[in-house]
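Listed here are the chains, written in short residue letters.
2 protein chains.
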Amino acid sequence: MADGSLYVCHHDAGAFPVSPRDVTDEVAALSLLFWKNIGGDFVISTPLLSGLASAVAVDDDTGLLHQPLLLHRSESNTTAEVAIVGSSVCPIESLDYEIIENDFFKPDWRSRGKIQKYQHIFMKWILCFLIGLIVGLLGFFINLAVENIAGMKFVVTSNMMLTGKFMVAFLVFASSNLGLTLFASLITAFVAPEAAGSGIPEVKAYLNGVDVPAIFSFQTLVVKIVGSICAVSSSLIVGKAGPLVHTGACVAAIVGQVGSKKFRLTWKWLRGFENDWDMRDLVTCGSAAGIAAAFHAPVGGVLFALEEMASWWRGTLLCGAFFTTAVVAIVLRALIDVCLRGECGLFGKGGLITYDVTSANISYHLRDVPPVLLLAVLGGILGSIYNLLLNKVLQIYSSINKKGVAFRIILACSISIFTSCLLFGLPWTASCRACPSNASEPCPTIGRSGNYKKFHCPHGYHNDLASLFFNTNDDAIKNLFSKNTDTEFHLLSMLIFFAACFFVSIFSFGILAPAGLFVPVILTGAAYGRIIGMLVGSNSNLNHGLFAVLGSASLLGGSMRITVSVCAIILELTNNLLLLPLIMLVLFISKTVGDAFNGNIYDIIMTLKGLPYLKAHAQPYMRQLTVGDVVTGPLQIFHGFEKVGNVVHVLKTTQHNGFPVVDNPPFSASPVLFGLILRAHLLPLLKSKTFLITPVPVAPDAIIRFSDDDFAKWGLGNDDNIEDIELSEEEMEMYLDLHPFTNTSPYTVVETMSLAKALKLFREVGLRHLLVIPTFSGRIPVVGILTRHNFMPEHILNLHPTLAQIRSRRLRFAVPSIEQTYLEKFGAWKILKK
Amino acid sequence: MADGSLYVCHHDAGAFPVSPRDVTDEVAALSLLFWKNIGGDFVISTPLLSGLASAVAVDDDTGLLHQPLLLHRSESNTTAEVAIVGSSVCPIESLDYEIIENDFFKPDWRSRGKIQKYQHIFMKWILCFLIGLIVGLLGFFINLAVENIAGMKFVVTSNMMLTGKFMVAFLVFASSNLGLTLFASLITAFVAPEAAGSGIPEVKAYLNGVDVPAIFSFQTLVVKIVGSICAVSSSLIVGKAGPLVHTGACVAAIVGQVGSKKFRLTWKWLRGFENDWDMRDLVTCGSAAGIAAAFHAPVGGVLFALEEMASWWRGTLLCGAFFTTAVVAIVLRALIDVCLRGECGLFGKGGLITYDVTSANISYHLRDVPPVLLLAVLGGILGSIYNLLLNKVLQIYSSINKKGVAFRIILACSISIFTSCLLFGLPWTASCRACPSNASEPCPTIGRSGNYKKFHCPHGYHNDLASLFFNTNDDAIKNLFSKNTDTEFHLLSMLIFFAACFFVSIFSFGILAPAGLFVPVILTGAAYGRIIGMLVGSNSNLNHGLFAVLGSASLLGGSMRITVSVCAIILELTNNLLLLPLIMLVLFISKTVGDAFNGNIYDIIMTLKGLPYLKAHAQPYMRQLTVGDVVTGPLQIFHGFEKVGNVVHVLKTTQHNGFPVVDNPPFSASPVLFGLILRAHLLPLLKSKTFLITPVPVAPDAIIRFSDDDFAKWGLGNDDNIEDIELSEEEMEMYLDLHPFTNTSPYTVVETMSLAKALKLFREVGLRHLLVIPTFSGRIPVVGILTRHNFMPEHILNLHPTLAQIRSRRLRFAVPSIEQTYLEKFGAWKILKK
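Here the protein sequences come in this chain order: S and Z. For the first sequence, our numbering assigns the number 835 to the initial residue and increments by one for each residue that follows. For the second sequence, our numbering assigns the number 835 to the initial residue and increments by one for each residue that follows.
Hint data in this document are derived by calculation from the structure and do not stem from the laboratory. Small disclaimer: the values here were computed from a predicted structure and weren't measured. Check before you lean on any hint, since a few could be wrong.
You can't tell identical chains apart in this list, so a pair holds if it fits in one copy or across any two.
[Stated by the list, open to error] In silico SDA-like pairs for lysine to any residue, Cα to Cα no more than 20 Å straight-line:
1. 1521 with 1479
2. 1521 with 950
3. 1317 with 1219
4. 1449 with 1426
5. 1449 with 1168
6. 1449 with 1432
7. 951 with 1528
8. 987 with 1265
9. 1477 with 1506
10. 951 with 1432
11. 1449 with 1146
12. 1226 with 1290
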């Protein structure tokens, strides 16, 4: 090590020195590697991992994102893991769902009896109730605010247009939109950059075990709520469902930490939620509550959390999530009752909508199926085009974003102005249509939402495009979904509306403000469905409102690739179960068609953001590799009695979070794996300075000095940083007894296990570290640590570039034949026998 | 071994000789132990496991079931595992979801590229489609048959009663019921005893990894369908939902095996479904399809499979299940359209019902909440009483069943006669009520289902009890759920109906015929709800039909303890989403109240049947034990090169399915764990007689003689039995090279791992065998095998009886203090240092 070799650090385990000659300056700059010249004797200095270095370089060459879309407050931390998956600045750690069993925790953990168990369960239900209540209230508040702010804007501009002041109306309209967008962008940029965008990908990654930093902070929550209200009110074609999911998850995470020391609420019953798995459950419930609040769809919310968000799921979690969404539904129901009495300003029946497509029985026959099939197939294609374009636009935006916050804000403002121009300008292209004589509401509707907007038309006429553009998105969807309006919209108007929504929503998503994708996709899909309905004309019994619903379903299926939950959400939105078979058909076809072209929109965004999402299914090439093939570099190993100086050195020079502890002679007959110790446990140990002068065991009263809280995640202890711990020269020469704090039963796999099989264990149990042990004893007792990083395709394919070439083709990789394997293994024995 | 020690065998692993003096005759008879005097040198003969023997004795003492409710065709197989969990005759094996990696399979498994993956996925969708189609058709057929058979019966008897021939009518009614019940019992008893009962507990256990024998055979399927039709038509208060779930699962299992050699359909695309995990997915989809077909509730079906049935779940499985239920929904919809044209005989709108509670907007206010809360709490209590009584009745029945098949049939017939008497007799106690003037249908309705049955009343009057009793269960439910019928039923009639349903359904469930619980519980709950509605009277806005719906929900929640899926099913039955908040409220409360008293009805039945169901959550005492504490007895270990005679001896004397393979010197430096070999792989090896004369490796062409199919589950090879393989004396002295067939990467845990942590691995990954390795090397490389059996509370509590005493109390068990643990571990080292 004294030769000054280079460390490429990744968080979870295994420092691997890289020889300097392999690394270009570019790479060094890119992945923020650091090069230190530190004395130390126990890190083996085998030059390795030129593969990794080239990996980073490759990423650079291919022009992938260098800066993720996700901004971060602290950019000082370094990690190569994220460099590998495409971004270089965010220090992403993993969550750990393993049960840590060391001598210190065991007695506490073991002593939890039935009473504590019931206490815990009871508190979990209470927390679920709180989450449901808060998310329900927030969802209602957001809707109320949006309807009132946007409604006010539309009333004012409509009134001006009634008096003929079109130019003034436009200026008021555009400037209020710009102001709202600017405000949303500013608070996002300077208070909580994590609140930008939908938030669903981050929450999904969190539920997969990726600890995306700061997504659940209080600032993020506030900015997400306020920013989302402003962005949606500013007539941008963005949704509030995604932000509400993030809001729900955020509320859950904050509520779950209520018992931690942070809030000084150390009531006994509230303890025990400071671990990753309880937090995961609560966040899952929170995200279900978010969708439930956004669409007033409790079943849809649960299914969405289940289908799209959660990576782990249990029966009890289902109940918890359902309970949470039930609370949301009841809260919303109660508040809507209040609003129906007219006490919510401009928030009437709009906002939390039950799009009542038709209360009569729908009948459809065999001849209605071909147009629906056509709609589904085209919807799938459109959805995949949507994903493709969104991906491209986000990449372009990310290169703009790199130039600084000012550029991001300018981008947001430009989009707002552009949208305002379109919304105000396009209705002029529509012809005025005479009001129907049997209209169910006043025609034209002035001010408030309704099917008939006057815009520039003479009295007795209405402008069909204006009633879509010059409305909130929710009201536009309601107009498109409503029955008995087949003659109201002109085909050309619908085409213009569709094209505008399709492209504007793609350009609007990536801006620096909370913005969801659900509502834009539903809106675009509804327009698309109506177009198909108009083209089919009298060849189908279905009314155009129904076609709009099916169109929304097809675009959701084609873009988001979620089926069950979309089905439930649409059913709950439209309140008509007879639609079910048709909607199911459309969803499955559009999803299948979409899957043939590209991936799920949220997966695309996660890749762009550089979030290391661990998929449940192993890639075919993972079966061709053993875990030994992907474990990289010599390990950082601690001895049972370790010198303080060494521990400090390793903690300072690496960012790893787990270190194997090995007992060597004279403490055991041969080198033996004692367990795994976590950084989070080493830091309080160092801080407390419970050192030994010689490496021998002492009386155990030393370790009793610690309380549980010192090691708890989210406790105050966790804020420790190795740099803050000051130790004297003398102390550095002393020893630490790691045994009582080492997890003595880490999960292990043998090095010959295939990667696919190890992935199953890693993913199903939810691990952060998986120790790899050698096949034969007598060598070192541990050959490496697998982390999330080792299962990432980017890492594997860079270590084994040949795999990348044959990825999609049939086995061409040098799989040893039976004969080879056999001879390799038993050849030696033959010689032995001779 | 030559001393003739006794083997207690359990299936998955680890024979443990029991010294004869520990075992009473009773125990020996009970658990079918067998005592053989065989020469053999490698089984260590440590007398152990007196604990296990006493466990069996204890079970006997406590008077638990000795014969499970589930009958089995072959009772020759022996196992102690099931003896421990309460029954002694069913040879239950576990399923194995582990990826087997040995030299033989590796090349095949690895070579599966993307194309094969897509082929596999495509075929899975096709299979899902087939399952949906078949289950949809079967569900429709069952409904059609029930409606026509039962309808015919009611028309005939009603007509007789119109002409005053009451006695003849009763005789016709009772004898047709008796005949149908008798037929159902006879085919169940003599063709497929596995078809008795609901089937949901068996399928649930299968999805948990318990290979309940013969539940998915073709005979079972046929008997389940025919028996269910007969039982339901015979006016017994039994349901068809449970049998339909079993039918769906059965169809799925049979469809999934279509590519196996059994059906001689070895088309390449159909291969690769012969493993446990694909089968598990298909069976999950099948059970979802069953509920979907029973209630015409696709979303409810998926949620039911998810909440109640499945132990493992993935996102893709959700899609598959939803697709299957979508197909079911479409098939049913199409067929109902046919029936609505009147082409299905007596099958009108009945049967596959959408109970249209009310199409108007339901409004409920705060003052409606207290009666609903009362209903929910009482429903929870009633549900738990239902479970309690059912448990008692099933235990009584099982003692009757033990006496032989004849007694079981007599029991079924008695129940049928008793039910007929009640159904015909009780309406006479009801007073005749005048027909309402504004009735929506003819009053009284003659023959077909309807709200108004004449029975013995004069013209212009109807008998309210008869319109419930003298109808199919589905029609009775519809009558109770229907709106605007508040004045139709008398409180006394409703009380009689409720009491009759409650008790008769409990007594009817355990009979020897396919019988579900869903419909009886819904029916009883509906009556209960109406009673509450009547008692509340004008203090609530809700109509009595709505109270009936809520009553059903509360009893389902209180008895089955399922919430989300019941909610979805009821919503889909009633087609009114506005009910959602109320139904959710009721379900959560009644479930919580019920949980306070006893367990889920299906768990109770599983325990009665002796199915070793592995729960996801660890019991508190599992944290106090290490895996070393529950591993029992010396292991059956094979060497890499093993004598044929030894292998045959072990296979014959044990029923284990997995054996660790250890390499000893001179093949390795020290004893090393090579892997795990399965019985299923040893049998074809022995059969093919690829033996070695000396224990040295040979050229590998020997092993290429096998094809994949020889080892495939459900292939012909699997029918091998060790008794059928005949080997000469000479061959017995030869050697087998086990290396190429050994799974070289079994999952392992260290012996100090807590049982709770090991359970997580075992359960999440879905293992059958989990190897336990010692903490320190140098000793034998494997100390035991954990199987499902080792995690069963019965096994653990018998090994550690002290735990049973403190189970519900706070930690009293000798948990070593920190000091003790510490000193134990490091005390020795101190001495070393001195």
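Against the structure, the hints come out as follows:
1. For a Cα distance limit of 20 Å, the shortest separation of residue 1521 from residue 1479 inside one copy, 13 Å, qualifies, whereas the shortest one across copies, 62 Å, does not.
2. In this assembly of identical chains, residue 1521 and residue 950 lie within 20 Å of each other by CA distance neither inside one copy nor across copies; the values are 31 Å within and 55 Å between.
3. Proximity of residue 1317 and residue 1219 under a CA criterion of 20 Å is satisfied in neither setting, with 29 Å inside one chain copy and 49 Å between copies.
4. Only within a single protomer do residue 1449 and residue 1426 lie at most 20 Å apart by alpha-carbon distance; the minimum there is 19 Å, versus 35 Å between protomers.
5. Taking CA atoms no more than 20 Å apart as the test, residue 1449 paired with residue 1168 passes in neither setting, with 40 Å inside one copy and 38 Å between copies.
6. Proximity of residue 1449 to residue 1432 under the C-alpha cut-off of 20 Å is restricted to the intra-copy arrangement: shortest distance 16 Å within a copy versus 39 Å between copies.
7. Taking identical chains as interchangeable, the C-alpha atoms of residue 951 and residue 1528 are never at most 20 Å apart, the minima being 42 Å within one chain and 58 Å between chains.
8. Proximity of residue 987 to residue 1265 under the C-alpha cut-off of 20 Å is found in neither arrangement, the shortest distances being 24 Å within a copy and 67 Å between copies.
9. With identical chains, the CA atoms of residue 1477 and residue 1506 are at most 20 Å apart within one copy only, with a shortest distance of 18 Å there and 33 Å across copies.
10. In this homomeric assembly, residue 951 and residue 1432 come within 20 Å of each other (Cα to Cα) only across copies, at 17 Å, whereas the closest approach inside a single copy is 45 Å.
11. For a Cα distance limit of 20 Å, the shortest separation of residue 1449 from residue 1146 qualifies both inside one copy, at 11 Å, and across copies, at 16 Å.
12. In this assembly of identical chains, residue 1226 and residue 1290 lie within 20 Å of each other by CA distance neither inside one copy nor across copies; the values are 37 Å within and 78 Å between.
Comparing the model with each numbered hint stated earlier shows that hints 2, 3, 5, 7, 8 and 12 do not hold.
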